[in-house]
Structure formats: C-alpha cells, structure tokens
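Trainee: Here the protein sequences come in this chain order: A and B. According to the numbering used here, the stretch in the first sequence is residues 1 to 233, in order. According to the numbering used here, the stretch in the second sequence is residues 1 to 233, in order.
By construction, these hints were calculated from the structure, which means they are not laboratory data. Just so you know, even glycine gets a beta-carbon here, dropped at the ideal spot from N, CA and C. Watch out, some of these pointers could steer you wrong.
Claimed, not checked - Partner residues aside, some chain A positions facing chain B, computed with beta carbon under 10 Å:
id, residue
1, ALA58
2, MET64
3, LEU204
Protein chains: 2
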Amino acid sequence: MPPGPPHEERHFAASATVRDLVIGTADGLTVPFALAAALSGAVAANPLIVTAGLAEIAAGCVAMGLGGYLAARTDADHYQAERRREEEESRLYPEREKWEVAAILHRYGVRGEVLRQAVEAIASDRRRWVDFMMRFELELVEPDPHRAARSAATIGGAYVVGGLIPLSPYILMAETGPALAVSCAFTAVALAGFGWLKARATGLPPLRGALQTLGIGGAAAAVAFLVASAFGG
Amino acid sequence: MPPGPPHEERHFAASATVRDLVIGTADGLTVPFALAAALSGAVAANPLIVTAGLAEIAAGCVAMGLGGYLAARTDADHYQAERRREEEESRLYPEREKWEVAAILHRYGVRGEVLRQAVEAIASDRRRWVDFMMRFELELVEPDPHRAARSAATIGGAYVVGGLIPLSPYILMAETGPALAVSCAFTAVALAGFGWLKARATGLPPLRGALQTLGIGGAAAAVAFLVASAFGG
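If we strip away everything but chain A, and leave its shape as in the complex, we get (with noise of 0.2 Å):
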C-alpha cells in the first residue's frame, strides 16, 4: 500500500449500535420529560404523573424497539429479494446486465477496450458480479443477520433509561413543584452530556452537539406545556 494517513483515523462511520442507542436516548430523554413538565402544570398529582410517564416509557420503549426491530427484518428480506432477482437477471439477461455494469464504470470515465475488458472481467464471476450490482447499482449493504433482535434490545433499553431519569423526581419527591424543577435540571445534564459525546462520537464541534440536543429537550417540553394548558383543566 502507497504511503497515506492511517486509514482506522480518517473516516468515521457511526456503527449500527450507536445510532441505535442515540435514537433511543434522545427520545426517551425528550418525550418522557415533556410530558411530566406538561402535566406538572396542567394537573397537580406526582403519582399521576408517574403513572402517565411510565405508561409512554413502557409504550415508546415497546414500539420504537419493535419497530426497530421489524425494520432490521425488513432490509434483511428486502436484501434478499433483491439480491435473488439479481442473480435471475444475469441468467436471463446477461447481455442487459453487462450494460448496467458498463454504464456504472462509464460514469468514473472507463472507457473503449478497458471498459470492455473490465465489465468482463467483474461479470466472469456471478457471484461477484451479482455482489457489484447489489453495491453499486441498488446502493445495498447485506445486513447482519443477528442485527434486528440486538437493535431492538439496544433502542428499547436507551428509551427506558433515558425515560426514567427525567421521570425520577417525581418518583422520590411529593411536590410537583420542587419535582419539576429537579426533573428540569437533570434532564438538562444528560441531554447536554449526551449531545456532547454524541458530537464527539461523530466528529462535530461538541458545543453545537450539546445545545441542539438541549434546544430539542426544551423545545419539545415547551410545546407540550403550552398545548397542555391551552387544552386541559
């Protein structure tokens, strides 16, 4: 290999895991949070609160990690479909997929005897051949078989931590007043803490990463305030 930058430093890419775990957390800080602060204003019973805050836990944690989990199915079965009726299509019509492979290579600027050449060389293998057309031309990676399961567990299990520690002063506490405010102030930490290491994990400037996560949280709280009140009692 020609002498370069050490290639593990120069690209990130965000494994499947930690995007599941911030698509977990950030909703499961955000959503549970709005909610308890809407209620706190609209009725005046932490143990309501409670009920209503594990209540969306238990939902959000079930459809986001269900949901998670059939999409990972879905691009499994759909990679599969696809890639059978690659493997058809180079039977049938060898010709038209050769084409397909040359208009790709064609567009990088391959071109005359080299482009012929190469087509024949990638289509002299159906395996690899099929593996070119799955990459290049429909843009699909083959899916980790054990990946929807994980997922699943991954996004679920973030939204239920993520829920419980704006939901854990109105747990311990008996006022909504003093609860609200300690909810506030928590919730504030961990969404900033978590847009920071967010940030960092993908290579953006972390302070941004911190006040978008914390505008979201307090954004979404806001809303849900002001539509409480307007609509309740």
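Given chain A, put chain B in place with the hints provided.
Mentor: Only chain B this time, still in chain A's reference frame:
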C-alpha cells in the same frame, strides 16, 4: 441498451418522504394510543387523558420533527466534510488514493493491465475520482439540501395526524369506557390499513405487514397498560 425487463418495475427504493411518513405515522398511532389506553385503566377522567395525550403528541411531534431535521443536517455536514477530506487526500496522497480505487475494483475481479488502465481513467478527472471514492469507498450519497426541513415537517405532521386518531374518541365522548373501545377500533383499523399500504409500497406481503403493525400497537398498549396498572394508583 440490450433487451431486458423494463427498468422502472424492477426494484423498489423507498423514497425519503415515504420513509419519513412511515416513521411519523407508526409512532404517532402507537404511542398516544397506548398512553391513552393505559390511563383509561388507571384514571377515570377523559379530560385528563386528552391533556396527557395532546401533550404527548406535541412533545413527540417536536422531538421527532426536530430530531429528523438535525439528523438530515448532520448527514449533509458529514458528506461535505468527508468530500473535502477525500479531495485533499487525492492531492496529498494520489498514489494511496489510486491504490484504494484499485483495491475496490480488484475485489470484483478486475486484474492486471485492465485494472491499471481503469484506475488511471477514473483518476484522470479529480471530480469523478472523488465521486468514486465517496460512493464506493465511503458509501455516501450526496444528500438533498432541502431534505432537512421537509423531513422535519413530514415526520412531525405524520405524528400529529397519527396521534389524533386514537385520541379523538376521548375528545368527542364523555365516558372513558366507550371512548377506549372506539379508540381501540379506530386505531386497529388505522394500524392494519397503514401496515397493509406500507407493505404494498415496499413489495412485501400486505397481510403480514398489516398484522405486524397491529401487533406492535397491541403489544405497546398491553405493556403500557400493565405498567400503568402495576405502578398507578
């Protein structure tokens, strides 16, 4: 082009807008329905269920909409940053970058003199060269600059529309029991219809799609109901 099946009918790729609609509607139908059902078991009064439900819809709409906006913005920033990096590297380490192009084509069976000439053809135009690396090394597709705002509006709007379906009986009816029954019926029809349409759009079996979304909604409501019964009151 050699003869083959009509290209348009061959492969389905969900447009970004369809994906946004699916994400917003699925969560919007499921979570407010489950929350309202759980609160129906724990508390008696419809006005409070409506307040909590509307607050949840508002919070979920803002959290998912803004979350979608920032995710799309982050994708666009990430693409531009990686593109600048690839351009710089093609200047600083041209041999390394050519080696990487060769490694990709080699994986698909291109060898020897044809490989060398194909790499030179791709590297002869810096724009195409960087395009090739972005697509085939980093697997990044240039994001649509207008997508962020549209994505936010689509996800948020779909969440509100989805959420108002299970909540409408509680708004329009006085008694909790009948409202819960009507809400179950409305939501079941909406979830099954939505799953059916989603499966048809993605080319999967429609009946399985309908049963899956129905299952997610039912499971989320059941778990939320159990949690609210266990901890509430």
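Trainee: The structure should be examined with respect to each hint, and the outcome stated for every one.
Mentor: Evaluation of the provided hints:
no., hint, verdict
1, ALA58, "holds, 4 Å"
2, MET64, "holds, 7 Å"
3, LEU204, "holds, 7 Å"
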